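*Asks:* Sequence:
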Amino acid sequence: MPLALYTLTAGAFAIGTTEFVIMGLLLQVAGDLGVSIALAGLLISGYALGVTIGAPLITVLTRQWPRKTVLVALMIIFTIGNIACAVAPSYGALMGARIVTALAHGTFFGVGSVVATSLVPPERKASAIAIMFTGLTAATLLGVPLGAWIGLAFGWRATFWTVAAIGAAAALVLAAFVPAGTRNEETSSLRDEIAGLMRLQVGLGLAMTVLGYAGVFAVFTYVQPILTRITGFSEAAVSPILLVFGAGLAIGNLGGGWLADKRLMPTLIGTLGLLALVLALTTFAVQEKTLAVVFIGLLGAAAFATVAPLQLRVLEKAGGAGQGLASSLNIAAFNLGNALGAWIGGLVIDHGPGLGSLPLVAALVTLAGLVLALVSHRLDRRSSASVLSHQGI
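Counting with my numbering, you get residues 651 to 1043 for the letters of the sequence shown.
These are calculated hints, taken from the structure and not from any lab test. Note that this is a predicted model, so its numbers are computed, not measured. Check the hints yourself; a few may be wrong.
Per label pair, the in silico range of CB-to-CB distance [claimed, not checked]:
#	residue 1	residue 2	range
1	L822	A887	37 to 47 Å
2	G742	R1032	52 to 62 Å
3	W811	L711	26 to 36 Å
4	E885	S686	18 to 28 Å
5	L997	G969	30 to 40 Å
6	G969	L792	34 to 44 Å
7	P739	K939	39 to 49 Å
8	V710	E966	13 to 23 Å
9	T719	G684	32 to 42 Å
We treat Cβ as the ideally placed atom computed from N, Cα and C, and that holds for glycine.
The whole structure should be built from the sequences, with the hints applied where relevant.
*Replies:* And the structure:
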């Protein structure tokens, strides 16, 4: 794989770290800024909002720019945003800085996916996307624990200074190693971008992403109470168990990319089906400690095995001029799935059958995504049959 691809991984690592590290700093941030833990927790929601807004907005505004320029500019915005977080004098200022930082997130992964696929032969596209997203899994395994340790040792502001330094380094390596003009790079009108989005198959791909990941985050958002109240683990045991989840993410991400390079739609259907099955069986697995740990790892693997296939599916169906906006919107769709899953999980806990039934309900949500994948695949086959018929074959 070309070196330029790994510079995208470095940028993904920086972005993934700043997205998730706040979870390990909530108590410090809340105490320092004089707000409740619940209010500090909204810094996570604020970031997700910034991603959802920024993905289409920044992509449209920069659609005429060279992709390399976009990526470097986004990392500069990201770095400035983290510096603003580090010096934020109040909760409101920190929230604003988090949202500004998040504006770079969706477009970086959207444009980065397009660039990643342009750096490799057609048969390696999914693997290229998976390698870029390895930065996110590395952030989960290494960046977030390291950031939390820095926050404990030197204060939460030091964590954001560190992430800003990583962002600056990523901007430099992107500027140095990403080619000035990537393969198939073309400028496009807003009409062309929107036309790509209006394709039925693109809409189905985005919906698959939302529903697939809503199932994941319906469970993962509440993994701590599941493991402590149902399985019987202590709170101290949750963090090491989450390392198993992170290891699963890394394995599933690379495995899903490799399989998608062989056969995209069978891989997408298979991984969504596997994810729904793992979620359903987690309902029973969390009743026993060893099985619970195993299935937390399987959940991570099954969840991230879908990432590269979902992203490549949207890219391929958007085609040409529509790829940049469609790819960025799919990143926003992952975050929308995050928010939707957390909301569904809350409803199940507060107004439904309760915490113990959450994985089963989550499986049904992901199953809806699988149904859409099957519909999409059937449309592909019908379209291919129609073409062959017109050609007299």
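*Asks:* Would you pick out the hints that fail for this structure and give their numbers low to high?
*Replies:* none
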